[in-house]
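A.B. asks: These are the residues of each chain, in order.
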Amino acid sequence: MSEPTARTGVIHDIGYRKYDGPRLGRARVARALYSHSLRGAYGLGRSGRSKVLPMMLLGVMCLVAFIIAVIANVGAGITSELVLPYSAYTFTTQAILTIFVAAQAPVSLSRDLRFRTVPLYFSRPLERSDYVLAKFGGLATALFLLLTAPLLIMYVGALLAEFPAGRETGDLLLALLGTVVFAVVFAGVGLVVASLTPRRGLGVAAIITVFALSFAAISTLQGIIRYEVGNADLAGWLGLLSPVTLVDGFQVWVLDASGRAVAPPPGDAGGVVFVLVTFAAIGACWALLNLRYRKVSI
Amino acid sequence: MPVIQTEELTKRFPATTALDRLTIDVEPGVVGLVGANGAGKSTLIKILLGLSPATSGRASVFGLDVIKDGPEIRERVGYMPEHDCLPADVSATEFVVHMARMSGLPADAARERTADTLRHVGLYEERYRPIGGYSTGMKQRVKLAQALVHDPEIVMLDEPTNGLDPVGRDEMLALIRRIWVEFGITVLVTSHMLGELERISDHVVVIDAGALLRSSSTSDFTRTSQFLVVEVSAETDAVAATLTEAGLTVKRDGHQLVLSLDDDETYDLVRDAVAAQGVGLIRLEQRRHHISEVFGEDQADV
Numbered sequence: 060m061s062e063p064t065a066r067t068g069v070i071h072d073i074g075y076r077k078y079d080g081p082r083l084g085r086a087r088v089a090r091a092l093y094s095h096s097l098r099g100a101y102g103l104g105r106s107g108r109s110k111v112l113p114m115m116l117l118g119v120m121c122l123v124a125f126i127i128a129v130i131a132n133v134g135a136g137i138t139s140e141l142v143l144p145y146s147a148y149t150f151t152t153q154a155i156l157t158i159f160v161a162a163q164a165p166v167s168l169s170r171d172l173r174f175r176t177v178p179l180y181f182s183r184p185l186e187r188s189d190y191v192l193a194k195f196g197g198l199a200t201a202l203f204l205l206l207t208a209p210l211l212i213m214y215v216g217a218l219l220a221e222f223p224a225g226r227e228t229g230d231l232l233l234a235l236l237g238t239v240v241f242a243v244v245f246a247g248v249g250l251v252v253a254s255l256t257p258r259r260g261l262g263v264a265a266i267i268t269v270f271a272l273s274f275a276a277i278s279t280l281q282g283i284i285r286y287e288v289g290n291a292d293l294a295g296w297l298g299l300l301s302p303v304t305l306v307d308g309f310q311v312w313v314l315d316a317s318g319r320a321v322a323p324p325p326g327d328a329g330g331v332v333f334v335l336v337t338f339a340a341i342g343a344c345w346a347l348l349n350l351r352y353r354k355v356s357i
Numbered sequence: 475m476p477v478i479q480t481e482e483l484t485k486r487f488p489a490t491t492a493l494d495r496l497t498i499d500v501e502p503g504v505v506g507l508v509g510a511n512g513a514g515k516s517t518l519i520k521i522l523l524g525l526s527p528a529t530s531g532r533a534s535v536f537g538l539d540v541i542k543d544g545p546e547i548r549e550r551v552g553y554m555p556e557h558d559c560l561p562a563d564v565s566a567t568e569f570v571v572h573m574a575r576m577s578g579l580p581a582d583a584a585r586e587r588t589a590d591t592l593r594h595v596g597l598y599e600e601r602y603r604p605i606g607g608y609s610t611g612m613k614q615r616v617k618l619a620q621a622l623v624h625d626p627e628i629v630m631l632d633e634p635t636n637g638l639d640p641v642g643r644d645e646m647l648a649l650i651r652r653i654w655v656e657f658g659i660t661v662l663v664t665s666h667m668l669g670e671l672e673r674i675s676d677h678v679v680v681i682d683a684g685a686l687l688r689s690s691s692t693s694d695f696t697r698t699s700q701f702l703v704v705e706v707s708a709e710t711d712a713v714a715a716t717l718t719e720a721g722l723t724v725k726r727d728g729h730q731l732v733l734s735l736d737d738d739e740t741y742d743l744v745r746d747a748v749a750a751q752g753v754g755l756i757r758l759e760q761r762r763h764h765i766s767e768v769f770g771e772d773q774a775d776v
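Going line by line, the protein sequences match chains A and B.
Using the numbering used here, read the first sequence as starting at 60 and increasing by one per residue.
Using the numbering used here, read the second sequence as starting at 475 and increasing by one per residue.
Hints were generated in silico from the structure; no laboratory data involved.
Please read all numbers here as calculations on a predicted model, not as lab measurements.
Even for Gly, the Cβ is constructed at its ideal location relative to N, Cα and C.
Among the clues, some could well be false.
[Said to hold, decoys possible] Taking lysine to aspartate or glutamate and the EDC-like style, the derived pairs with C-alpha atoms no more than 20 Å apart in a straight line are:
1. A:Lys354 <-> A:Glu186
2. B:Lys725 <-> B:Asp736
3. A:Lys77 <-> B:Glu549
4. A:Lys77 <-> B:Glu586
[To be verified] Some but not every residue of chain B turned toward chain A, in silico, with C-beta under 10 Å:
5. Cys559
6. Val564
7. Phe569
8. His572
9. Leu579
10. Pro580
11. Arg587
12. Lys617
13. Gln620
14. Ile653
15. Glu656
16. Ile659
Work out the full structure, taking the sequences as your base and the hints as a guide.
C.D. replies: Rendered as structure tokens:
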């Protein structure tokens with residue numbers, strides 16, 4: 060005879076429990092928001108549908124790099140160089156970068172504006188500049204990862220093809236510095252535009268317009284002025300006016316990269332100006348975002 | 475010691491004066507802040523949170539100055555805004571966990587407190603579904619949960635009953651009362667309905683056009699603002715006469731009789747009067763007075 064089991068599930072109402080655990084300060088809260096934004100840029104911790112686009116773009120970036128790595132290995136006997144240098148990869152695949160920024164910058168900022176969640180952040184220990192820093196850092200890191208992953212694949216491919224390891228490593232490190240600048244400039248410009256509208260669709264369209272249109276217009280003008288008018292210097296200066304050509308110019312002068320823009324910055328003076336304008340652009344994005352969130356209605 | 479103190483607090487916008495030399499002391503408990511729309515209730519809360527600077531005067535929370543010690547105050551305060559503030563595309567659990575982390579709770583504590591808090595505000599299975607599909611009542615509960623999740627010492631609730639039906643209103647009011655009685659958290663709650671706040675508040679502050687109209691414990695208010703509405707099936711005049719004979723002040727309002735509700739004996743008198751006339755009792759309810767009616771009486775007194 061088995062004993063009757065009297066033990067059934069009982070729900071206890073334990074009442075309200077006070078919290079006396081640790082309360083982390085501003086810096087740790089900002090870090091939590093940073094990783095939340097970084098994960099959010101790839102749709103992690105969000106619905107399955109919001110993972111599709113960022114993961115697909117990352118996939119395309121890596122696929123192209125993989126093909127380059129395969130070509131390097133197949134043709135190892137013929138050439139000892141990658142068909143596309145590391146530092147030119149970002150410029151070549153800039154359309155993907157633009158789509159990623161256009162899709163994810165509004166996710167980071169416009170949602171909080173549209174659903175009016177912003178006051179909930181600012182009624183907590185976080186300062187407004189912490190919010191901006193966490194969002195800026197989160198998206199910039201997401202872009203850096205998007206740009207770095209394919210470079211690493213190409214690097215592995217180059218090493219497998221037994222290209223000179225020292226040269227490849229040096230090139231890669233320089234190119235990584237370039238991707239940092241690309242990531243910060245693109246994140247900054249994208250977030251400034253996204254912070255101006257609570258409507259996501261509008262944000263996406265505006266960001267694509269800013270990047271793609273400015274690049275198309277500037278490249279065309281550069282072509283006309285350099286080859287039709289014959290003024291290479293003026294064509295080079297025009298590169299300041301579009302984010303892509305600006306950072307490309309920065310790379311050419313600072314990192315001695317092979318530029319892909321129609322016209323490189325004119326001379327050393329031009330190079331210095333490109334560097335200064337790049338840093339000024341990053342500073343301006345930071346200042347504009349802070350200004351925007353100082354005035355945001357609570 | 476008062477939890478919240480303001481001294482000659484003034485806030486001017488280019489077009490209006492939102493707060494006009496407001497001086498109040500808030501003791502621990504449930505404090506109702508009543509005023510018509512635009513009376514300056516939300517402005518006061520924003521100043522107390524350090525989100526908006528005052529034009530002049532001083533304000534302190536827990537004895538901390540709202541301008542100098544804003545971050546320190548915000549660590550110990552919960553805030554539920556009047557407007558919608560919930561993202562539609564995440565679940566209540568995900569959202570409240572995130573807001574708990576934004577209040578400085580470590581990840582595991584944030585998850586644990588979120589589960590507890592959502593249970594306390596009455597959200598169960600639906601907490602895993604996206605907030606976009608929630609009813610107004612459920613959204614208000616999520617808004618309340620994010621204000622409570624980090625176990626603050628005081629919560630400021632801006633119009634928490636807005637948009638709720640009568641049942642939802644009663645549930646929300648009961649919940650707010652529990653925040654003080656069971657959780658031990660001081661509550662500053664605003665509404666434009668005096669009647670609903672006087673039921674749950676220990677102290678009521680009435681402001682009008684940014685100036686203090688009245689500040690008193692709830693029992694003082696109850697005397698002047700609680701009424702009983704009686705509707706009978708026939709012989710309304712006779713019932714009214716009987717009640718007047720019994721010593722009550724009776725006002726005729728269409729088919730209804732309005733009595734001042736002094737104590738529970740009033741109910742007995744109504745029962746006896748209706749029974750004596752042999753008519754049916756259709757309606758017997760406490761009327762919640764709109765704040766403007768109280769203002770009207772005040773002005774009549776002056």
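A.B. asks: Determine for every hint whether it applies to the structure shown.
C.D. replies: Now for the hints, and whether the structure bears them out:
1. A:Lys354 <-> A:Glu186: This hinted pair holds, its Cα atoms lying about 13 Å apart.
2. B:Lys725 <-> B:Asp736: holds (15 Å)
3. A:Lys77 <-> B:Glu549: At roughly 15 Å apart (the allowed maximum being 20 Å), Glu549 of chain B and Lys77 of chain A satisfy the hint.
4. A:Lys77 <-> B:Glu586: holds (12 Å)
5. Cys559: holds (5 Å)
6. Val564: At 7 Å from the nearest chain A Cβ, Val564 of chain B passes the 10 Å test, so the hint holds.
7. Phe569: Since the shortest Cβ distance to chain A is 9 Å, the answer is holds.
8. His572: holds (7 Å)
9. Leu579: This hint holds: Leu579 of chain B lies near chain A, its Cβ roughly 7 Å from the closest one there, short of 10 Å.
10. Pro580: holds (6 Å)
11. Arg587: Status holds, d = 6 Å.
12. Lys617: holds (9 Å)
13. Gln620: holds (6 Å)
14. Ile653: At 9 Å from the nearest chain A Cβ, Ile653 of chain B passes the 10 Å test, so the hint holds.
15. Glu656: holds (5 Å)
16. Ile659: holds (9 Å)
Checked against the numbered hints listed earlier, the structure breaks none of them; every hint is satisfied.
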